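Trainee: Just so you know, the protein sequences line up as chains A and B, in that order.
Residues 602 to 865 in the numbering used here are what the first sequence lists, from first letter to last.
Residues 6 to 670 in the numbering used here are what the second sequence lists, from first letter to last.
Treat the hints as calculated values from the structure; they're not laboratory data.
Note that the coordinates shown come from a computational prediction; the quantities given were computed from them, not determined experimentally.
Glycine included, C-beta positions come from ideal geometry on N, C-alpha and C.
Treat the hints loosely; a few may be bogus.
Said to hold, decoys possible - Looking from chain B toward chain A, a few residues come up when the C-beta cut is under 7 angstroms (computed):
no.: 1; residue: Leu571
no.: 2; residue: Asn578
no.: 3; residue: Val582
no.: 4; residue: Thr665
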Amino acid sequence: MSDSQSHTTAQAEPRMQVSDEVAIEIRNMHKWFGEFHVLKNINLKVHKGERIVVCGPSGSGKSTLIRCINRLEQHQKGDIFVSGVELTDDIKNIAEIRREVGMVFQHFNLFPHLTVLDNCTLAPIWVRKLPKREAEEAAMKYLERVRIPEQAHKFPGQLSGGQQQRVAIARSLCMNPEIMLFDEPTSALDPEMISEVLDTMVALAESGMTMICVTHEMGFARKVANRVIFMDGGEIIEENDPETFFNDPQNERTQLFLSQILQH
Amino acid sequence: MVMSESQVPQDDGSTYAPGQHPDLPPPPGTVGLIGWLRGNLFSGPINTVATLVTLVLLYLVIVPIANWAVVDSVVTGEDRRVCDLGRTSALIGENARAFDPEHYALDPGAEGLTARQAARVRVEQMAARSLFLGSPSLLGVFLDRYAQTEQAGLVPDSLLPVMEQVRPAELAPQLAEAVETDNVPAALEIYDELMPLAAWGDSYDGACWVVIKQRFTLFMVGFYDRDQLWRPLVAFLGLLIAVPPLLFAGMPQRPRALWFSAAYPFVAYWLLTGVELAHGPLRLLLGLLVLLAAVAPFAWSGLTARSRLLVFSYLAPVLAVALFFAFGPEPLVGFEQARIATEVTPQMAEVNSRLTVGQNIALPTGPVDQIFSGRLYLLGLALSPLWWMIFGALFLWGLRAVLRQVAGQAGEAEWRAARPAVVAAALLSAMILFAGNQISQDTLSLSVVGTDKWGGLLATMVTGLVGITASLPIGILLALGRRSRLPVVRALSVAFIETVRGVPLITILFMSSVMLPLFLPEGMNFDKFLRALIGVALFASAYMAEVVRGGLQAIPKGQYEAADALGLTYWKNMRLVVLPQALKIVIPGIVNTFIGLFKDTTLLGIIGILDLLQVAKSTNSDSNWIGFFQETYIFVGAIFFVFCFTMSRYSIYLEKKLETGHGRR
Chain A
602 MSDSQSHTTA
612 QAEPRMQVSD
622 EVAIEIRNMH
632 KWFGEFHVLK
642 NINLKVHKGE
652 RIVVCGPSGS
662 GKSTLIRCIN
672 RLEQHQKGDI
682 FVSGVELTDD
692 IKNIAEIRRE
702 VGMVFQHFNL
712 FPHLTVLDNC
722 TLAPIWVRKL
732 PKREAEEAAM
742 KYLERVRIPE
752 QAHKFPGQLS
762 GGQQQRVAIA
772 RSLCMNPEIM
782 LFDEPTSALD
792 PEMISEVLDT
802 MVALAESGMT
812 MICVTHEMGF
822 ARKVANRVIF
832 MDGGEIIEEN
842 DPETFFNDPQ
852 NERTQLFLSQ
862 ILQH
Chain B
6 MVMSESQVPQ
16 DDGSTYAPGQ
26 HPDLPPPPGT
36 VGLIGWLRGN
46 LFSGPINTVA
56 TLVTLVLLYL
66 VIVPIANWAV
76 VDSVVTGEDR
86 RVCDLGRTSA
96 LIGENARAFD
106 PEHYALDPGA
116 EGLTARQAAR
126 VRVEQMAARS
136 LFLGSPSLLG
146 VFLDRYAQTE
156 QAGLVPDSLL
166 PVMEQVRPAE
176 LAPQLAEAVE
186 TDNVPAALEI
196 YDELMPLAAW
206 GDSYDGACWV
216 VIKQRFTLFM
226 VGFYDRDQLW
236 RPLVAFLGLL
246 IAVPPLLFAG
256 MPQRPRALWF
266 SAAYPFVAYW
276 LLTGVELAHG
286 PLRLLLGLLV
296 LLAAVAPFAW
306 SGLTARSRLL
316 VFSYLAPVLA
326 VALFFAFGPE
336 PLVGFEQARI
346 ATEVTPQMAE
356 VNSRLTVGQN
366 IALPTGPVDQ
376 IFSGRLYLLG
386 LALSPLWWMI
396 FGALFLWGLR
406 AVLRQVAGQA
416 GEAEWRAARP
426 AVVAAALLSA
436 MILFAGNQIS
446 QDTLSLSVVG
456 TDKWGGLLAT
466 MVTGLVGITA
476 SLPIGILLAL
486 GRRSRLPVVR
496 ALSVAFIETV
506 RGVPLITILF
516 MSSVMLPLFL
526 PEGMNFDKFL
536 RALIGVALFA
546 SAYMAEVVRG
556 GLQAIPKGQY
566 EAADALGLTY
576 WKNMRLVVLP
586 QALKIVIPGI
596 VNTFIGLFKD
606 TTLLGIIGIL
616 DLLQVAKSTN
626 SDSNWIGFFQ
636 ETYIFVGAIF
646 FVFCFTMSRY
656 SIYLEKKLET
666 GHGRR
């Protein structure tokens, strides 16, 4: 994909404030898949309102890293704090963190047996215990925000990929999360649908959401991110603001990676 | 060669600009009935031949079956006489047509025959001889049976003109003489004269449904008490009301109808057995729970829907009294231990139709009764309708006040004024119910019908339905257990599934009926039918578990992760996300197991339960009905087919209904 499509029109920089409050803190974290050491000594501090883009070659541990943040993967060493709560085996903590952390997947993972609206209200009703009507009103609000309220009563199988991914974003937002994780949200989409999803994400960033986004959309990274993290071999190799990251990469491997993906 | 962009020529010579092509109707003969026939039945030479051959085969199969089962069948009479009459006349015709005079005239001792030819000739000649010599006695049998049928007044109208025309009674001695004198031509002539009778017989030679008619009750309920047949009937009608709301989501009034469905199993159990489910300690426990729940809104101010619970609190005393004292053959708390014997007086008999004058009855002398030394009983009998009126009026008045308060229609002052009276109404109506109930203690109880008397379709349906309802939830739990991360749960599930799946159902049934009692302590015994039910349900659960596991494995990992990421707990994830999808995928497998289970109920016969198939078998070995095995087995088969085919169609309907667009994920 070309990197420089204009995905947004708004110049909303002033609204994208970063606060001093720490949203996520990862300290000396390691993870193994069996014998394989996937994440090596990860240290990362994310402040409230930050938009972080994580990139790197495939197999570098990007997805695993953000999946550790809501305990879809379990780390074996080190500490992770999300909104001040430590991620341990304690189911209560995990449940609390998952309520506050939304996640959008590469393959959408919508529930195919439920309508779009039911997809969006399921967790608010059953986890947040909202009354059905309230949950539906909130869901419609978010569906409008991702610009597909008219699809509310269709099933996911009847929507295009881009629409499905926008529903997935709305579904996460319905839980009112403090943090959103995006795991390659545009990688499974047809080219013409990528921009509609990215537009939604840009709008979300402008609203001040804390976001960690694994993606190869460098245009998006330039536009929205306040920090870009480059990973390779399970380590964070380089971490910088987008301007410096793209124009003046420090590490050799970063340079190689950027030259490869920006070639075309 | 470049085509002008606005000039795309068509078959008919017209031209359209690109993007302007109109929608045209499809070519003739490709849609509608003709199109379907052409596309599906006559699409090519091989297909055409196959279609024609199939039609011929269908004709060859269906016509004889229809003739046997409907056209030539017999339904008149109370016993087999008419059937036998038809069969005998048909046999007369068959034998007459089979008789070959040339064969009869053969001589096995003739010269010039090889040994083999001689042997063949001997067989043919003997066959012809036995037909010839047997014909008078066959006609005699017919006449005997005719006389019997005539005596019973059951002769079919169509036979009378035939008898008039043929006069077999006159032909019989002639035939006997012809056979005696070996006069073949004379006998052949008589055979010809008998032909109309044979033709009539052929039209009465089909299925003898009289056997089903006569044994219908046995087929339906086995030996269920004959004076209590309304109970299985009501239970069955109730089933027809209870099942649809479970099956059809779009039914009008479904939420309300579901209450009936939920209550149905308990009602059906009570109706069929006559044993109250909530008997003994369970009743006591339920009563205490009701009282506890009634106190809750007063004790715990943070309760949600507190005001609505007020209604329950109001109902609680009456409910508790009903649970403790009412609706049982014996009251739970023994207020009736002391009884006084008395004779029924005319006044008593007048009030209670169940009593006869002079009959000795025992009057209860509970605490209440002792006070009045049994007079309350008489008073109660006399005032019986009054009891219920007072109770009903008090109760309804209080209920109205409570409902007004809950609905917010009553003002603060009105409620405060009404409150003492409402409390009094709740307690008083409970007391009146208690007193009234001492009188009508056993008016609501049914006689107990032991499961050893159950049989036929009743036994089959109870086993099938209980098996079906129990096996799905148990199977789901086992499937989840087998995929659990907890090693003990997983090991237990695997062990259960593999053990039960590894042995035949017969073994399990034998175990439950023969072996289990050996392991139970002396004197402890529970119902054989119940044990078989449990065996069948567990057996089906093991299969169900594997079917469900197949569905669980077909759900992509992303679904589990998405639900986890949204904060759903394991059970909510399973209930709301995974199982609805997994079960939908395996509907065919589930229904397959259901159908298998339903048919497996025929194995109950092996441990001595008189299921539908056993009724057929016992009918066939009944000396009155020997020889009608086709009718009984086909009847039983048809019943099974109706149930199994219905299940199969329902599964297809369900699959279509749950289809939510293509593309999983």
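Trainee: Taking the hints in turn, state whether each one holds.
Mentor: Taking the hints in turn, this is what the structure says about them:
With a least beta-carbon distance of about 4 angstroms to chain A, the hint placing leucine 571(B) at the interface is held under the 7 angstroms criterion. Given the 7 angstroms rule on beta carbons, the hint for asparagine 578(B) is violated: about 10 angstroms separates it from the nearest Cβ of chain A. The criterion of a C-beta within 7 angstroms of any C-beta in chain A is met by valine 582(B), whose closest approach is roughly 6 angstroms, and the hint holds. Taken as an interface hint, threonine 665(B) checks out: its beta carbon lies about 4 angstroms from the nearest beta carbon of chain A, inside 7 angstroms.
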